[in-house]
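Go ahead and model the full structure; you've got the sequences and the hints to work with.
In full-length UniProt numbering, the protein residues as written are 1 to 955.
You may find that some hints are simply not true.
[To be verified] For lysine to any residue, the following SDA-like pairs were computed, each having C-alpha atoms within a straight-line distance of at most 20 Å:
#, residue 1, residue 2
1, Lys909, Gly882
2, Lys867, Lys909
3, Lys590, Leu552
4, Lys944, Pro896
5, Lys258, Ile276
6, Lys912, Lys931
7, Lys902, Asp933
8, Lys931, Pro896
9, Lys614, Thr659
10, Lys345, Gly882
Think of the hints as simulated: they come from the structure by calculation, not from any bench.
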Amino acid sequence: MSTINKDQIIDESKCSEEEEDLVKLLLPDVQNLPLIPPSSVQSNFVTYFAIDFTKPAHDHYVYRHANGLCVIGLASSHVAFKDEGGITAIDFNVGKSDRSGVKVTGKRKKNAQHFEANTALCKVNTKNDSYIVRCCVKGSLLEVNQLLINQPELLNVSAEREGYIAIMMPKPADWLKAKASLVSLQELVKSTDSKSQNLMHIKMDTYPKESSSPSHNGVYVVYMGAADSRNASLRSDHAHILNLVLRRNDNALVRNYKHGFSGFAARLSKEDAASIAQKPGVVSVFPDPILKLHTTRSWDFLEYDSHVIIDSDRNTLSNSSSSSDIVIGIIDTGIWPEAASFSDKGMNPVPSHWNGTCMASQDFNSSNCNRKLIGARYYPSPDGDATLASSVRDSLGHGTHTASTAAGSTVSVASYYGLAEGTARGGFPESRLAVYKVCSEFGCRGSSILAAFDDAIADGVDILSLSLGASALFHPDLMTDPIAVGAFHAVERGIMVVCSAGNDGPDPNTVVNAAPWILTVAATTIDRDFQSNVVLGGNKVVKGEAINFSPLSSSPEYPLIYSETVKKSDADIDEARQCHPDSLDESKVKGKIILCNGESDTVYSPIAIADTVKEAGGLGLVHITPDQNRAIASKYGDFPATTISTKDATTILQYVNSTSNPVATILPTVSVINYKPAPMMTYFSSRGPSTLSKNILKPDIAAPGVNILAAWLGNSTEEVPKGKTYSPYNIISGTSMSCPHVSGFAGRLKSLNPTWSASAIRSAIMTSATQINNMKTPIATDSGSLATPYDYGAGFITASGPLQPGLVYETSTTDYLNFLCYIGLNTTTVMVISRTVPTSFSCPKDSSSDLISNINYPSISISDFNKKGGAVNVSRTVTNVGEVDEIEYSAAVDAPSGLNVKVIPDKLKFTKTSKTLSYQVTFSLTSTSLKEDLFGSITWSSDKYTVRSPFVLAK
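Next up, the structure:
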């Protein structure tokens with residue numbers, strides 16, 4: 001943890017010359033920082049907190065400027081490193097002299113030399129353990145501070161490199177673990193017993209809040225509920241309030257929401273925002289948040305992994321027609337329209353009901369749209385961010401990848417430089433696509449997301465797919481969450497909304513996009529593995545996982561050496577063992593394959609380690625990696641690098657230590673299909689229970705999200721392996737990838753069942769999910785433990801079961817309105833929010849969060865069970881959507897020991913006139929209290945269908 005001496009803070013005379021400027025910048029206290037930094041910082045950082053949690057006793061100093069908090073690292077281990085997407089760094093000691101002009105010597109000189117050699121464009125790294133941006137600006141620390149205050153845009157560009165500011169944020173899990181113990185500078189100074197070294201941390205909320213400066217105008221979202229309220233006075237409130245804003249500043253308006261819901265986004269002062277929040281018809285006013293992206297064999301695997309007997313005439317993922325009128329909307333980073341996945345060959349004309357448009361720009365013409373891509377919109381940044389405002393064309397690849405995964409046309413020959421070769425297709429190739437670009441490399445503005453929802457509702461989409469969301473750190477209130485707000489109004493109009501669960505796992509309580517009207521998707525592996533094996537002397541093969549195009553011979557003829565034996569004389573042994581930058585002796589590394597132990601490395605990624613070995617002259621890398629991380633194949637281009645498990649590491653270490661001249665080779669990657677076990681829950685997938693409400697189980701479903709092949713940019717700057725031509729496809733991982741799998745399949749269900757509601761489609765997907773892998777054993781996590789509903793919700797999606805679910809749980813608008821009551825909203829507010837609320841509606845008098853368990857949801861979750869008297873009753877209603885009207889279902893309960901579950905009635909008899917029936921479930925304990933959360937299921941079965949609902953009882 002970071003340390004600082006109290007006396008150094010208070011008494012500047014005790015500081016050395018090179019520390020004086022740091023101390024000056026420490027004051028005034030961080031509590032005076034604006035809570036909304038300029039947009040360039042706000043859009044870059046997950047949190048404005050800058051402390052290193054990973055290394056104890058580092059001599060850190062925190063300094064303030066108007067853009068946020070910066071850490072200045074003075075420790076020898078704080079060095080620069082390369083990573084995929086650019087170089088990141090956590091050290092200020094660069095160049096021939098330090099920030100005060102004093103010549104750098106010793107270890108600091110070593111750091112400076114390494115840093116200077118690895119300089120590149122500023123990039124944000126969100127791939128691994130920390131969120132870091134390295135900003136290149138010239139001048140002393142004081143000059144840099146003033147420069148950043150005056151020109152915050154410098155945080156996003158490169159500049160001459162004589163001085164560097166490093167800003168580091170902890171990963172979400174670290175923040176959650178440390179947050180409770182953080183203190184501000186003022187609290188530290190007040191301490192009377194802090195003459196010894198103290199921990200210095202800054203307590204700061206991470207979700208954007210109102211500016212502390214009265215004169216500061218930030219972008220605020222004013223949300224005013226339904227757009228077509230039957231109350232005339234409420235309809236006029238929007239126009240009245242907006243006119244008030246524009247009379248004060250005719251340039252204040254950023255967005256106006258009027259199709260799917262009512263409201264606007266505008267530049268407001270803190271006082272104006274507070275005043276508007278009190279006006280009639282206003283549901284909420286909140287600062288414009290910055291959300292983040294949650295960054296083909298998968299469909300073959302889904303088809304194969306089916307456990308349901310279905311009719312032959314519906315046993316297919318393809319319609320007989322070459323096109324459908326179903327429109328899937330993708331709210332993301334835009335699209336690369338020339339990709340083969342968006343060909344409209346053989347498709348029918350654009351549906352007559354479509355109201356959307358294709359927005360033209362310098363690099364995107366209306367002709368880029370076709371009968372496949374029928375809509376394309378973008379949303380200029382209120383701050384003039386050209387990367388977001390210029391075009392709907394994708395510059396990141398993320399939106400192109402998700403769009404092709406959900407709805408891409410069939411492409412017969414697709415691969416990533418020959419790997420994963422086969423036919424690529426989306427979940428619903430016959431569907432139409434509408435793309436709404438709301439994200440840039442700096443994040444996704446909430447005001448733009450709401451605008452996309454508003455337009456998509458008016459355009460006429462059927463499914464909306466969002467592979468983005470808040471960080472698990474934020475936990476925004478439901479009525480200040482742009483995705484939850486927009487999704488409510490979309491679902492109310494019959495549009496299904498599918499969202500990623502987030503990439504902040506495996507810690508609990510990290511799932512986002514958890515509103516009950518959203519289908520929330522977790523991520524799993526599939527049955528494809530990218531293997532790059534290590535061959536030792538004697539032709540002993542050790543399994544490796546990676547994507548590389550190694551040019552080495554297949555014979556083990558290259559020297560293999562353990563990194564700790566080639567460390568520099570002044571390097572730390574642990575850093576050398578892990579192959580950290582500047583820890584290896586280049587003269588001993590050159591021409592050898594280096595074995596590096598990253599089992600406990602929380603700082604550097606395998607890609608960063610590969611760059612270190614490569615720059616030191618190494619021939620290749622064998623990287624020991626925690627087993628749970630190995631499912632995601634890192635990409636190394638044509639550098640021979642692979643990762644091995646801790647178990648297999650023993651084999652290699654024994655060979656190296658027992659052989660006088662150990663040799664090896666690293667084989668180029670091959671794709672292995674039918675890999676077992678699969679699926680597995682991947683470590684990054686965010687977990688439940690939800691912080692929104694533990695009485696709704698989230699996530700809802702799991703789908704493929706690891707090493708997914710899909711369309712990519714046509715102009716990517718990714719280095720092309722030698723001897724290869726540029727690949728228009730890419731392999732990436734995340735719940736961003738699992739979400740469009742479900743979105744595409746939901747589109748297919750809607751096409752087959754056009755009268756089904758969004759909740760009926762969700763129910764069909766959830767109640768037909770499987771909890772069994774391809775080894776016929778329960779699905780596990782990648783750490784080896786059995787997966788639970790907190791990991792995967794109802795289970796892993798199947799391709800055939802949802803086509804004939806038998807029964808569905810219809811979650812009505814009234815259910816959702818009651819949910820709003822149960823979380824604390826009053827009847828007046830709920831009446832403003834909904835366009836379909838009955839005039840007689842009122843919140844139940846006994847509204848409480850406990851009643852959320854009775855919402856007609858396909859799963860059951862009960863929180864605080866120990867406080868509820870030993871028994872809890874919940875009710876559910878199911879509707880027969882099967883082909884047979886006269887049918888009987890029987891209930892079967894799978895419950896852990898110590899729990900009694902009684903279903904009343906335990907048989908449901910449906911007829912032509914009784915298509916909807918209800919049942920009750922009573923949960924009671926045989927012991928005095930729960931010692932841990934319990935998981936089980938209730939399954940209704942007929943001679944043809946099985947309908948399973950998971951349940952969770954939380955202590």
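Structure-based check of each hint:
Of the pairs offered as hints, the one joining Lys909 and Gly882 holds, with about 13 Å between alpha carbons and a cut-off of 20 Å not exceeded. For a cut-off of 20 Å, the pair hint linking Lys867 to Lys909 is broken: about 35 Å separates their Cα positions. As the CA atoms of Lys590 and Leu552 are separated by approximately 15 Å, the hinted pair is consistent with the 20 Å bound. A distance of roughly 27 Å separates the Cα atoms of Lys944 and Pro896; the hinted pair therefore is violated under the 20 Å criterion.
Between Lys258 and Ile276 the CA atoms are separated by roughly 18 Å; this keeps the pair inside 20 Å, and the hint holds. Restraint check for Lys912 and Lys931: the C-alpha separation of about 46 Å exceeds 20 Å, so the hint is violated. Straight-line distance between C-alpha atoms of Lys902 and Asp933 comes to about 19 Å, which keeps the hinted pair within the 20 Å bound. Annotation: proposed proximity of Lys931 to Pro896 holds, straight-line Cα distance about 12 Å (limit 20 Å).
At most 20 Å may separate the alpha-carbon atoms for a hinted pair to count; Lys614 and Thr659 exceed this at roughly 25 Å. Our distance criterion of 20 Å between C-alpha atoms is broken by Lys345 and Gly882, whose separation comes to about 35 Å.
Going through the hint list in order, the structure does not satisfy hints 2, 4, 6, 9 and 10.
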